[in-house]
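Colleague: Given next are the chains, with one letter for each unit.
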Amino acid sequence: MLLIRCPYCEEERPELEFRNAGEAHIARSANMAGETDDDFEKFFFIRSNPKGIIYERWRHMHGCARFFNAVRDTVTDKFIMTYKAGEPKPSKLPGVGK
Amino acid sequence: MSGAFRIPSAGRLSQAKTARFSFDGQSYAGIEGDTLASALLANGVHLVGRSFKYHRPRGILSAGAEEPNALVEIKRDAARKTPNVRATVQELYDGLDAQSQNRWPSLSFDVGAVNDIASPLFSAGFYYKTFMWPKAAWKSLYEPKIRAAAGLGVSPDKPDPDHYSSRYAHCDVLVLGGGAAGIAAALAAAETGVRVILADEQAEFGGSLRFESGAKIDGQDGFAWAQAAVAKLAAMDNVRVLSRTTAFGYYAQNFVGLVERVSDHLKTPGRDLARERLWQVRAKRVVLASGAIERHMVFADNDRPGIMLAGAARTYLNHYGVAVGKNVGVYTANDSAYAAAIDLKKAGVNVAAIVDLRDNPTGPVIDEARALGIEINFGRAVIRVGGKLRVSSMTVQPKNGGGERTIPVDAILMSAGWTPSVHLFSQSRGKVAFNDETKRFVPGTYAQDCVSVGACNGTDGLSATLDEAYAAGANAAKDTGAKTAKGTKPKVDASESWSRGMLGAAPGAGADTTVKAFVDFQNDVTAKDIRQAVHEGMRSIEHVKRFTTNGMATDQGKTSNMHGLAIAAETLGKPIPEVGLTTFRAPYTPVTFGAIVSHARGPLFDPTRKTAIHPWAEAQGAVFEDVGQWKRAWYFPRAGEDMHAAVDRECVAVRKTAGLFDASTLGKIEVVGPDAAKFMELLYTNPWEKLEPGRCRYGIMLREDGFIYDDGVVGRLAPDRFHVTTTTGGAPRVMNHMEDYLQTEFPHLNVWLTSITEQWAVIAVQGPKSRDIIAPLVEGIDMSDAGLPHMSVREGKICGVPTRLFRMSFTGERGFEVNVPADYGQAVWEALWAEGQKHGAAAYGTEAMHVLRAEKGYIIVGQDTDGTVTPNDAGLDWAVGKKKADFVGIRGMARPDLVAKGRKQLVGIKTRDPKVVLEEGAQIVEDPKQAIPMKMIGHVTSSYWSENCGRSIALALVAGGRDRMGDTLYVPMPNGVIEVEVTGMVFFDETGGRLNG
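From first to last, the protein sequence lines are chains A and B. Going by my numbering, the first sequence opens with residue 1, and the numbers climb by one from there. Going by my numbering, the second sequence opens with residue 1, and the numbers climb by one from there.
Hints listed in this document are in silico derivations from the structure and should not be mistaken for laboratory results. Certain hints may be false.
Stated by the list, open to error - Straight-line C-alpha distance at most 30 Å; calculated DSBU-like pairs for lysine-lysine:
(1) A/K42 with B/K884
(2) A/K42 with B/K678
(3) B/K284 with A/K92
(4) B/K901 with A/K42
(5) B/K883 with A/K42
(6) B/K388 with B/K75
(7) B/K901 with B/K929
(8) B/K431 with B/K574
(9) B/K284 with A/K78
(10) B/K882 with B/K856
(11) A/K78 with B/K431
(12) B/K478 with A/K51
(13) B/K81 with B/K158
(14) B/K17 with B/K232
(15) B/K431 with A/K92
(16) A/K42 with B/K232
(17) A/K42 with B/K904
(18) A/K84 with B/K267
(19) B/K910 with B/K883
(20) A/K89 with B/K678
(21) B/K690 with B/K797
(22) A/K51 with B/K388
(23) B/K284 with A/K84
(24) A/K78 with B/K388
Unchecked claim - A few chain A residues facing chain B, derived, Cβ under 7 Å:
(25) D38
(26) F40
(27) M81
All of these numbers come straight from a predicted model, not from anything done at the bench. All residues carry an ideal CB built from backbone N, CA and C; glycine is no exception.
All chains should be modelled from the sequences, with the hints used to inform the complete structure.
Modeller: Here it is in structure tokens:
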């Protein structure tokens, strides 16, 4: 069972308290009704599914109930870092590349 | 005397403590402290089972968890029958009842052994080549006959009456393995004061010190030192010592699963005692001290009972005081077998000869064996053995060919060397590295905060092991923030040292098709099978493994993997590291379902949710159905009524007078805040801004893809306050969906969401008399049609307690939903029930609720929709705000395929014969005479007998359904085609006049 750090609770808690919520940093258009079919396809269906670093959303479901973002390596399953919802994609990742 | 092969002067068990046991109905005597295996061997019993595929007679190979052969059934009573228990692990208790497995009619005469003669038919890949066709053979031959003939134990056929427990634990340093290395590491860590857990799978700590008679530590015999050290550890407050505890899985972030066998070794386990305890340990540092496992020699008929690992024979002698034979032979490519021969010889057992495959090895143990007068043959191989149910002789030949000599023996001790136990290290995702010099895979690159010490790290010799382990324990503690250790490192006074062995098949186990030189005993895989797999095109070791099943039995190839790999590498002509090792997976040894499941079974498997009114329904004799975790009253049968009679009566009562229905399970969410209406606009298709406080609206929630996600009636209590209802099953996901959008997409909105499902009990009162029933109990609410019109909500009091009174209907009748704080739910229900009795009202359950809403064509999300249905498909376009600029699903709904013609639309269906009730899920076709497979144009989503309509009614999703009104379609069923007519969705009171009736 993974330990995940909730950036709101500022604590590492067991995976059981959390729920994955898909890829992060996919913004919903402010003009949703006016999106083209292609743009909607990109927004709704297309996901990066990388081998390696993924930016994804988690919810501290059985804790503070907040959604937040996490950077995880899909190969090692290691969490690189977590940060609050709405914060920008981190430009530097701690410990990556070592 | 506890067995003719017991040597009173040897071993550590007290002869005074006799324990009787039975094996295959025969009674024997053992000693407390024995394993079942040692007790059988003490009685001269080697034959304990039949093999998986060929039904070959099998004996005891090992003295530990790696045992592939000696699997038995242990029976305590009719329900407590455990198959595939390793006799080498099962501790003896007085009265133990064991049975051999996979034989009929008896262990010594087994009909299935015909497989051994027919073995050319069952060679590698047999299943893949055979279980193909004809299709019919699956039912008649493959499953019932061939598969039944294979296999090991029989599953218990009664529910498990035992209980299991489960604990979480945290520690600084977790030490896995309680041999010399593990104990030293635990001592070093514990002396710094950090929290330490030390676990070992055996009943007693000591590991290989159990048999290493040459080890002396701190002036004591090695095993005695181990006991003293563990006693010292157990007495420390910061240390937890777990014996009989196997670390079976190493998971992410130093999370380790252990199973403690709490009572399997007890004669009469107390009823309050768990059978096993699952430990889930999170450790800051893990020290792996899992030791090494001895490999057998791969030679012809090396599976005959009486042929066993040399280290095992030594354990039986030095720990249990049991000689495995009276006249033993030794076949080895490794020094450690000499130590076994020496110990047996000194105990008075005749050692007929040592056959050593190596040419001219030298060393102290070889000298000592020679000095004891034991015959030693270098450069020779055992090419044949005599005996079937028990080995009787070994035939020896120079390994490069030459004259044969047959030596009578009653046991053969073998050793091809020791394999470091890297299972847990590999499970931690560490990468092993091949040491070319010692021909061993040892821990290479670490993936987690752990360290390997001793034999599992490829460290040879007791001194080096203790040095390494003590330092590692101290370092691990230091890494967790500990200060320097106060203790002193154990001092090795004497130890044994062995040189390495061999991998792969020995000479004489050649390509000859009749030779069975076993690599994997448990899955009956021979050296020939592995060569054949390579010849048939398997190149990857993972393919060789699956084709031959080598290493895939419950012992997970503990003795066989390295041999299999070496034979494959040799056949492929590649070096071993290039061929690579197969993946080690959890569990290390089999784990019972009981230990994993623990208390989470039966009623405790999943939480049960009950409404405030549940006790009343129960007292009325309601039949309940499960809806998610909820128990809902399904129907209320009266004396002599079956389900149909009860449901018909309930449905009629609602339309004739009134009915009471417990709707408490409906999901309820309060949406509050200055931006509550804006938020509702975005989350639901409907317009909300202009909904007046005190009014209600039926809302539809979509996913972003435009499909219906949930629905429910929403009441606006105040400009900034909505009381939202959801489907019973959808409540948690709707809440999650709302929170997701509020927190991440619309965080600028000032809104609070609160789940109030459990706070409000809901009593639906529906029917022409509903107002008459409620009105006398209500204070502060104008109950007239003008004061409380259909689709409105008021706050006031009922029976003196606060209520949110909704005027709404899911039946098509005049209806109310009385929300009261859950604590008052049953009292208010009883008061309403008493009023209802004056009017002839009935309580109705979920089945009647379903029928009544279907009569009106009201949909149930999840029954009439399936995640691919749009509001338009469901005929709910009227509920979509046409002027809205945005809501979740607005764009998805407009995708080309979702607005295309010919989509499945929800319609009503009437059978031509009104008495026929369609099956829900039944497929609908246009032409019943077309060839199979027919083109299906839709399916039935809801179908009931409607007593109110006097006929069957159904809803269905049909392609282009709304353009087919009045058309005849067909529902082909196994016993005939049913003719149906497409209709509108409302079957009762089409004008809706009864809402105010």
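Colleague: Indicate, hint by hint, whether the structure satisfies it.
Modeller: So, going through the hints one by one against the coordinates:
The hinted pair formed by A/K42 and B/K884 meets the criterion: a straight-line CA distance of about 23 Å does not exceed 30 Å. Proximity of A/K42 to B/K678 is assessed by CA-CA distance (about 27 Å); at most 30 Å being required, the pair is judged to hold. Straight-line distance between C-alpha atoms of B/K284 and A/K92 comes to about 27 Å, which keeps the hinted pair within the 30 Å bound. Taking the CA atoms of B/K901 and A/K42, the gap is about 25 Å. The hint holds against a cut of 30 Å.
Between B/K883 and A/K42 the CA atoms are separated by roughly 26 Å; this keeps the pair inside 30 Å, and the hint holds. A threshold of 30 Å between alpha carbons decides the hint, and for B/K388 with B/K75 the separation of about 28 Å falls inside it, so the pair holds. A distance of roughly 26 Å separates the Cα atoms of B/K901 and B/K929; the hinted pair therefore holds under the 30 Å criterion. At most 30 Å may separate the alpha-carbon atoms for a hinted pair to count; B/K431 and B/K574 meet this at roughly 20 Å.
For the given pair, B/K284 sits about 16 Å from A/K78 by alpha-carbon distance, which is consistent with the 30 Å threshold. Between B/K882 and B/K856 the CA atoms are separated by roughly 25 Å; this keeps the pair inside 30 Å, and the hint holds. Taking the CA atoms of A/K78 and B/K431, the gap is near 16 Å; set against the 30 Å cutoff, the hint holds. Among the hinted pairs, B/K478 with A/K51 is inconsistent with the structure: their alpha-carbon atoms are about 35 Å apart, more than 30 Å.
Restraint check: the Cα-Cα separation between B/K81 and B/K158 comes to about 9 Å, which is no more than 30 Å; the hinted pair holds. In summary, the hint linking B/K17 to B/K232 is supported, as the alpha carbons are separated by about 27 Å, within the 30 Å threshold. The hinted pair formed by B/K431 and A/K92 meets the criterion: a straight-line CA distance of about 28 Å does not exceed 30 Å. In summary, the hint linking A/K42 to B/K232 is not supported, as the alpha carbons are separated by about 64 Å, beyond the 30 Å threshold.
Pair hint A/K42 plus B/K904 holds up; C-alpha atoms about 26 Å apart against a cutoff of 30 Å. With a C-alpha separation of about 57 Å, the suggested pair A/K84 and B/K267 falls outside the 30 Å cut-off, and the hint is violated. For the hint linking B/K910 to B/K883, the alpha-carbon distance of about 37 Å lies beyond 30 Å, and the restraint is violated. Note on A/K89 and B/K678: the hinted pairing holds, with a Cα-Cα distance of about 29 Å set against a maximum of 30 Å.
The straight-line distance between the Cα atoms of B/K690 and B/K797 is roughly 27 Å, inside the 30 Å bound, and the hint therefore holds. For the given pair, A/K51 sits about 55 Å from B/K388 by alpha-carbon distance, which is inconsistent with the 30 Å threshold. For the suggested pair B/K284 and A/K84, the alpha carbons sit about 27 Å apart, so the restraint of at most 30 Å is met. With a CA separation close to 54 Å, the supplied pair A/K78 and B/K388 exceeds the 30 Å bound.
A least Cβ separation of about 11 Å between A/D38 and chain B goes past the 7 Å threshold, and the interface hint is therefore violated. Hint on A/F40 holds. Least Cβ distance to chain B is approximately 5 Å, under the 7 Å limit. Proximity of A/M81 to chain B is violated relative to the hint, the smallest CB-CB distance being about 15 Å (cut-off 7 Å).
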